[in-house]
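Student: Residue strings, one per chain:
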Amino acid sequence: MSDTLLRISNLKIEGRSDETWMPIIKGIDLELKKGEVLGLIGESGAGKSTVGLAAMGYTRDGVRITDGEVLFDGVDLVKASLPDKRALLGKRIAYVAQSAAASFNPAHKLINQHVEGPVRHGVMSRAESEEDAIRLYERLRLPNPQEIGFRYPHQVSGGQLQRAMTAMAMSCRPDLIIFDEPTTALDVTTQIEVLAAIRDIVDQFGTAAIYITHDLAVVAQMADRIKVLLRGEEVEEASTKEMLSHPKEEYTKSLWSVRSFKRPAKPAIQTDATPVIRLKDVNASYGQTPVLHDVSFDIHEGRTVAVVGESGSGKSTAARCITGLLPPTNGTVELDGEALPADFRRRSKDQLRQIQMIYQMADTALNPRKSVGEIIARPVEFYMGLKGREKRKRVDQLMDQIELPASEFYDRLPSELSGGQKQRVGIARALAAEPKFIICDEVTSALDQLVAEGILKLLAQLQDELKLSYMFITHDLATVRAIADDVVVMKDGRVIEQGPKADMFTPPHHPYTDLLLSSVPEMDPDWLTKLLEERGRDNVGDMATDKMA
Amino acid sequence: MITLLWIIGGLLALLAISWVLRKLAQVVSGNKPLFRDMPLAVAFGYVLGVVVLAFGVWLWFQPNAVFFRWFVQGLAISVVAAYAFRLLGRTIGTKATKKAFRQMPLTASFGFLVILIYAICAIFAGVLAPYGQAEVFQNVNVLPGGNPATGGDPAHLLGTDQIGRDLLTRLIYGAQNTVGIAFATVCLAFLVGGSLGFLAAVFGGWLDNILSRIVDVLMAIPSLIFALLLMTIASAWAGSQQWLLTVYMVLIIALIDSTRVFRLARAVGQSIVVMDYIEAAKLRGEGLGYLIFREILPNATAPLLAELGLRFCFVFLTISALSFLGIGIQPPLADWGTMVRDLAQFINFAAFSPLAAALPLMAAGAIALLTVAVNFVVDWMLHKSSGLKE
Chain P
1 MSDTLLRISN LKIEGRSDET WMPIIKGIDL ELKKGEVLGL IGESGAGKST
51 VGLAAMGYTR DGVRITDGEV LFDGVDLVKA SLPDKRALLG KRIAYVAQSA
101 AASFNPAHKL INQHVEGPVR HGVMSRAESE EDAIRLYERL RLPNPQEIGF
151 RYPHQVSGGQ LQRAMTAMAM SCRPDLIIFD EPTTALDVTT QIEVLAAIRD
201 IVDQFGTAAI YITHDLAVVA QMADRIKVLL RGEEVEEAST KEMLSHPKEE
251 YTKSLWSVRS FKRPAKPAIQ TDATPVIRLK DVNASYGQTP VLHDVSFDIH
301 EGRTVAVVGE SGSGKSTAAR CITGLLPPTN GTVELDGEAL PADFRRRSKD
351 QLRQIQMIYQ MADTALNPRK SVGEIIARPV EFYMGLKGRE KRKRVDQLMD
401 QIELPASEFY DRLPSELSGG QKQRVGIARA LAAEPKFIIC DEVTSALDQL
451 VAEGILKLLA QLQDELKLSY MFITHDLATV RAIADDVVVM KDGRVIEQGP
501 KADMFTPPHH PYTDLLLSSV PEMDPDWLTK LLEERGRDNV GDMATDKMA
Chain A
1 MITLLWIIGG LLALLAISWV LRKLAQVVSG NKPLFRDMPL AVAFGYVLGV
51 VVLAFGVWLW FQPNAVFFRW FVQGLAISVV AAYAFRLLGR TIGTKATKKA
101 FRQMPLTASF GFLVILIYAI CAIFAGVLAP YGQAEVFQNV NVLPGGNPAT
151 GGDPAHLLGT DQIGRDLLTR LIYGAQNTVG IAFATVCLAF LVGGSLGFLA
201 AVFGGWLDNI LSRIVDVLMA IPSLIFALLL MTIASAWAGS QQWLLTVYMV
251 LIIALIDSTR VFRLARAVGQ SIVVMDYIEA AKLRGEGLGY LIFREILPNA
301 TAPLLAELGL RFCFVFLTIS ALSFLGIGIQ PPLADWGTMV RDLAQFINFA
351 AFSPLAAALP LMAAGAIALL TVAVNFVVDW MLHKSSGLKE
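Order-wise, the sequence lines are chains P and A.
Just so we're aligned, residue 1 is where the first sequence starts under full-length UniProt numbering, counting upward by one.
Just so we're aligned, residue 1 is where the second sequence starts under full-length UniProt numbering, counting upward by one.
Just so you know, the hints here were simulated from the structure itself, not pulled from any lab data.
All figures in this text were calculated on a predicted structure; none of them were measured in a lab.
Watch out, some of these pointers could steer you wrong.
[As the list claims (entries may be wrong)] Cut-off 30 Å, straight-line C-alpha distance, at most; resulting in silico cross-link-like pairs (BS3-like, lysine-lysine):
(1) P:Lys262 - P:Lys530
(2) P:Lys280 - A:Lys282
(3) P:Lys391 - A:Lys282
(4) P:Lys26 - A:Lys32
(5) P:Lys393 - A:Lys282
(6) P:Lys436 - A:Lys98
(7) A:Lys282 - P:Lys349
(8) P:Lys370 - A:Lys32
(9) A:Lys32 - P:Lys85
(10) A:Lys32 - P:Lys91
(11) A:Lys98 - P:Lys393
(12) A:Lys282 - P:Lys457
(13) A:Lys99 - P:Lys370
(14) P:Lys467 - A:Lys99
The shape of chain P in the complex, shown without the other chains (with noise of 0.2 Å):
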């Protein structure tokens, strides 16, 4: 028998659009030995997840395999039959899905789901099955591995439920997993978790996998091997350590660069001068349940500050109190050293009109049944009672800001706009308003990374034109050294750590910041080994158990 496990050779696959068959991928080969992982990475329509789900010989509606094999094992999954395929699935190749919480039936126990493939493939008995799940659990360092099976999917947290998603797919004990972006959507410290959870468990079972992502430190801890793709096409493939060290292609070392932007830190602010928004001692809550305590502090003309924290630290809380979406039941909200009505609707068209918001996700935030132009026209009309042709002057010029020409865009629906141009169009929308400080709500983070660094740039580029004060709620440490002059640290509703950028990125820090820092993977494939021995094999599983607490 051969060392191969699958070899895709040529594969070529269209997608429907328009009435007409387009070319997604244009000739991919690629193979994979027994027990070794690669990495598969590219932007967001790169074709990624396309080759992912046809290394199972699957396609999703509306899209064909054309040309080429995959052959799994000497099995050939485009020309198979649909029983054979069957007898492969879930046995010998599984598949973990981007959200796992979209992807567990919600309405059934985890144990149960994980029974069905070993059950139906005639694997395991029941009970046996059910034992190993356990224990799978426990490998996987999932906190109360005897009972977490027995709850419901949304009774568990993001990163365990991605956990028992990979323990899953683990049932059968199969050949092949293939990943499809497993951690993109948790937070900095939970991917953590399930990255190191993943590598054990694919180095002790000798399991080969497909990694998908399009985050470049992520993949350098997982793969033995990394391939990059643009539009449908290999780049290259190397080994990890060399795609690192020696990347050949220009396309190849852009996506290496774009983690060195970084706009140099502001000189440090004179304590005399009045800040554009001032939070003193805000307290908020939602219903009875207390989720900001005592939040104070400043933001001046012209800088940018960080608030970062995981999911669930109250800084897009913060955000609603300084919007007045959420009145905080205590403390104030001060625009230029004047105190602010706490609801919204009291506040005055002009104290609205300078504070604007910038949110992450651009398909939500632009009405799909506008144009461009109608949707950053509004404000200038509402706000500056331009009308005719002064307006629509205006709107040109907003639209040349942001580096959408108003010739070719202005016609345009959001529908018709890339994820990069939206989030353009919200930032000329709040721009249109003239405002004196923007709340920028996680907007790069559902970007890809070269079209995030756009954003960035272009927004570093506006606040020394306009001289606009930011305030940037992220995740992403990354993000927050290249843009950020000051940082605010949240964690459980409470600051627990603020100052200028360059302090708070020298040691020594408040332990909680130290764990969000040290948590951002690095490029170095040896990082996660690294970090995992500093902090000890169960400190993590601890983490896990204290989020849920």
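Since chain P is already given, all that's left is putting chain A on it; use the hints.
Tutor: Chain A alone, transformed into the frame defined by chain P:
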């Protein structure tokens, strides 16, 4: 019992045949994926289709199957007319309408054609109809067809009813009365139900609670019985003034149907209100009118339009039903529901004289045709608007 066994036995035989045929196809075609991966149910479907088709051909040549032949002929004429209409639309008109016609399926162009014909009938009823809608003639119970040999009369192409009113005239005027009133009712229902539904979605809280509970109460009463009850009261108020009764009927049906619209508008509105762009508009300081009509409404058009198509048909059927029961549109106004009621007993002659049975079927067919046409058009609009989003 025996028949049932025959049917089950026949179906099983078909299943066996389809299995054999699939096997045969697999062998002959050299195991092509089309046949190899074909589930048995699909093969069964093909075989059943062939059998049904053969049955249709056989039925066509039976002397008694007059209605079946009429139906098939009508279907063929519809397809040809729809095709011709689409061809016409593709060659004449502005760039936009030409493009719309190019993308249109046959069903939608048929729907448009029917609606267009109905609209022309309704608007120009006075010009198109050969006689007045209340005009009474000597010849009663003339059969349709206009051929004296089969009991027709060239002066009355579609025949006359029991008291000698020309049916073609009354069908044309019926379009004006029935469709016009249904249209007004449905517009009113959407205006009231839609606005209140969006209002409840935007405000939430107590306003939402009060409105929703009122709607729940109204919906708890069976709608036709509720309408009957209210119409009885209304007829006492209207007294001898017939037009007033019609106005009351519009208001009553609009009220009852607006509850359904309210529920939909509220549900759709609630899912839109949580979007970030609504939050952005609120934070901009926009007023309620702008929020509802400029931000929410454009995103709710697809489901509302689908509801409009259905609602229109229901309203239309309710009016016909009320007229059928004698408390809807009052004589001498022509109305399709009343026509069906007046001529209903002729359906008993279907076995002996298909032409006599056609008398009530013409009005019923007019109702059915419009219902189908509206739904075809709405389906297509929905498809188009959902296609735009992707």
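Student: Tell me, in ascending order, the numbers of any earlier hints that this structure violates.
Tutor: 6, 8, 11 and 14
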